[in-house]
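Colleague: Taken in order, these protein sequences are the chains called X and Y. Residue 1 is where the first sequence starts when you use the numbering used here, and the numbers rise one by one after that. Residue 1001 is where the second sequence starts when you use the numbering used here, and the numbers rise one by one after that.
One thing to keep in mind: the hints can contain errors.
Facing chain X, a subset of chain Y residues (Cβ under 7 Å, in silico) [unchecked claim]:
id : residue
1  : 1006
2  : 1041
3  : 1522
Derived Cβ-Cβ restraints for the label pairs, each shown as a range [what the hints assert, rightly or not]:
id : chain 1 : residue 1 : chain 2 : residue 2 : range
4  : Y       : 1097      : X       : 215       : 31 to 39 Å
5  : Y       : 1038      : X       : 82        : 49 to 57 Å
6  : Y       : 1101      : X       : 215       : 39 to 47 Å
7  : Y       : 1212      : X       : 251       : 52 to 60 Å
These aren't lab readings, by the way, just hints derived from the structure by calculation. Quantities reported herein were computed from a predicted structural model and do not represent experimental measurements. Quick reminder that beta carbons are idealized off the backbone N, C-alpha and C, glycines included.
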Amino acid sequence: MMERRLWREASFDLTGKIRRINWLYVLLLCALAGVGYTALYSAAGGAQEPYAGRHALRFGFGALLMLGIALIDIRFIARLAWPAYLGCVGLLVMVMQMGHVGKGAQRWIDLGGFQLQPSELMKIALVLALASWFHRASWERIGNPLFLIPPMVAVAIPVLLVLRQPNLGTAMITCLLSGAMFFAAGVRWWKFVLVALPIPFAAQIAYTHLHDYQRARIDTFLHPESDPLGAGYNIIQSKIALGSGGMWGKGFLQGTQGHLDFLPEKQTDFIFTMIGEEFGLVGALAVMALLAMIILGGMLISVRCQHQFGRLVALGISVNFFLYVFVNIAMVMGAIPVGGVPLPLVSHGGSAVITVMVGFGILMSVHVHRDVEFANMRDER
Amino acid sequence: MKRDTTRTSVFTRRALLMMGGQVALLGGLAARLYQEQVVDGARYATLAEDNRISARMIAPPRGRVLDRQGVVIAGSRINWRALLVSEQTNNVQATLEAFSRIVPLSEYERLRIERESTRRRRFIPVMVREFLSWEDMAKIGVNAPELPGILVDVGTTRIYPFGDQMSHIVGYVAPPNEADVAKDPLLALPGLRIGRAGVEKYHDLALRGRAGAVQLEVNALGRVIRELDRQEGMQGDDVGLTIDAGLQRHVLNRLGDESASSVVMDCRNGEILAMATNPSFDPTVFNSGVSQAQWREWTKDRRTPLINKATSGLYAPGSTFKMAVALAGLDARSITAGDRVECPGHYDLGDTRFHCWRKGGHGMVDLRAAIKNSCDVYFYEIARRTGMDRIAAMSHRLGMGVELPLDLPNQKAGLVPTRAWRQKKGKYWNIGDTIVSGIGQGYIQVTPLQLVTFVARLASGRVVQPHLTRKIGAAMQSGSRPEEWPNLGVPERALQIIREGMWAVVNEQGGTAPLAKLPDPRWQMSGKTGSSQVRRVSREMRESGKYDSEKLPWEFRPHALFVAYAPHDAPRYAVSVVVEHGNAGSAAAAPIARDIMIEVMQRDPANRVDPPAPRIAQVKS
């Protein structure tokens, strides 16, 4: 207790902050990136190029970025929440105007050789914005339905924009993420029930308005064998590759399905399948355990934080990471429809690594600044 | 501050709840992973192997068909062909367009190619054009960049150097149909042919050989990564026939334009030396497909070029059947060699009168004389005495009216009826039916192959079976030694009387076939003529005296038959000749048989006393 008060009163100097960084957590992230490097090395047929080397480079850059962000005062970040939110909405609008069309959807912005997917940044900004909104709210105010309308609008704007792209997967992850934050902030149970009830009907209506490729995804999920060489091909091949890995796997660089190109998108969406094929159930479970440690570690950072803003931010970032992991792994196992969701820090893809590392940087900052004086603006005034 | 505490504790509670939920969901994924990787692992492992290993067959070269001297009757020739892999082109239409600027394709061909390329999987090649010339090949090679998806390949095609001379024996090959492919996937290989008729069909499996197989590791696009295993195929066996190609050619030439057939057999062992059917067809045509016009021409021709008359042509044997009747009579002791019958030119049975071919009759005749001058009345009488069932039994023993175990598909069994056969049809067997059967008319129908077998058995006294196969690969087939064939089981004395009668037919004054006499006195031929009516001759016509078979329309004239063997004292070769609508056997068929036998004689190894002098010596002198 003494120490904590000491920290609260003293202003941090740089070395103090660096010492307070959760280095174990950084180590876990490095381990995950190492898994990614190994898998990408195999995906390229046992070569640095074109995936593994660049992945390491990006992670290195991302790690520096993360550590840099970790040192920024969380209260400063909180002040940036709404400007960041507005900026990201602007980017989303921009992507619709001049975005690069990739795989049937407008998702990317080309910033001079660096491709940016604003919907990923958007989620972090939304987490910050929601956290900053609920940071001020007392238990009673949260009980007031009118108080919930502005944050719901703040969620709806980016979700609708992402849907227009169209990117169903990210939109749904955004919704679930926001729901988790509303829930953690203390929104009453019955309100969730009220919102959840009409969802089946809404889904029915939405299905008829879906893009053909989205509908095809759902259809092939329900009956993957109906079109083995067409849309169901990815799922079937992924299951074959995973299943043929068995308990101990075929060995590093020995996976046949991935290397013979039966497995599509093996360096991005289906990287986990590569791991499962080459390292078997044991390897896949080890990677899942690592992912679980990162997720739960983030959640623990959230719980241990002394102020509401930090708690909500850390929770949002952890849940976001969890949703990515869950959707990706469930997808490659054929448990949910394929949705173009990569496995963070493992899959090949530049902007994803950077965005994820920005998120983890903010998470680190929450940890570093977990017990700073951060007044709940209304309640304690 | 208290409110804040509530907020914090709610947060902590709910965050822990979420962590529990996350752990549960990840645990669910882990359980499912266990299910997929370990529980169902074996199944997926098999699927993975199927994914990457592709077994491909290598078509074996088809075996050849050879004659008894090793002359090629059916062989293979290199066949340049162009294939289309629709996977490798964006636009099949455009590729075909470009291709037809180099090698013109007909509208029909183009439709076939497009149909096949849509029906098959995209990486399986479709035949565009076969039998390309070297020049076309070169042109395609030069223009390859403009012909995406076109693949040039060398295969083999079947050739028949003897053309239509051997077609009914050797048969032909044709592309397999869907049903064949279902039975043997090897047949799906492009360009593979299977035997559709003749020896090609009968010995198809031996000729086809065994396919080689390569196991290839392929990627998802079907591209070959490397070869895992290779099993070399076996070339099909060569099939050696008993046929003498030179003799076959001679026989066919001798048949000329007649719609006729002739079979030459080694009567000691049943080897068929020649089996000619005229007219015939060129089997090479079937290799690439028969045009409709050609098919119509063949099927409309009343001389039936597509039918092997030697094994499938059915004819009443006429007087050639008389030896069988005589032998049945002798065997049943219903007659003896010395029994005499008076022939007044007709034979009366109740109200019905049966005529002898000679109006005035032959007077008193015994067996030898009856065969020599082919007296009908004598055989009416013997048939009556012997009975149909005994005649039929003897005929079957001699090879008539039964299916012979010939190594060639599509053989007709013919018919020598019994009373039971008639009763099975719900009718009675009349004695009159027996009478006409005595001269080989009525219900009796036999093939030229059965006739020659019949004569060979009479001549050798053994139950020889006709056969065409001498060798498969290096293995000699059984049946070439006379001792392998069982005895006929008829007293030699009885056979001897009949043989004497047949000798007299050709060599004695007053015999019915003086034209068949051989010029070389060392080789004397024995034979028997026959004419079989294809239409009943009514009494009025006969009595009006206007009946002259020569003046009938072609298709109503009787068939001319002749059967013979030589040399008469040591039978070696048997021959049967059937000239459709040729009128009298003595005039139309016997001379042909004689000329064939002269050729056979000259080809006989025992007859080659002087080997031909070397040509160089002649030049020097």
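Colleague: Run every hint past the structure and note whether it holds.
Modeller: Each hint tested on the structure:
1. Contact between residue 1006 of chain Y and chain X, as hinted, is supported at the beta carbon level, the nearest pair being about 5 Å apart and thus within 7 Å.
2. Taking 7 Å as the C-beta cut-off, the interface hint given for residue 1041 of chain Y holds, the closest approach to chain X being about 4 Å.
3. Evaluation of the residue 1522 of chain Y hint against chain X yields a violated restraint, the C-beta minimum of about 79 Å exceeding 7 Å.
4. With their beta carbons about 37 Å apart, residue 1097 of chain Y and residue 215 of chain X fall inside the hinted range of 31 to 39 Å.
5. Distance hint check: the CB atoms of residue 1038 of chain Y and residue 82 of chain X are about 50 Å apart, consistent with the given range 49 to 57 Å.
6. For the hinted restraint 39 to 47 Å between residue 1101 of chain Y and residue 215 of chain X, the CB-CB distance of approximately 44 Å keeps it satisfied.
7. As the Cβ distance of residue 1212 of chain Y to residue 251 of chain X is approximately 32 Å, the hint placing it in 52 to 60 Å is violated.
Checked against the numbered hints listed earlier, the structure breaks hints 3 and 7; every other hint is satisfied.
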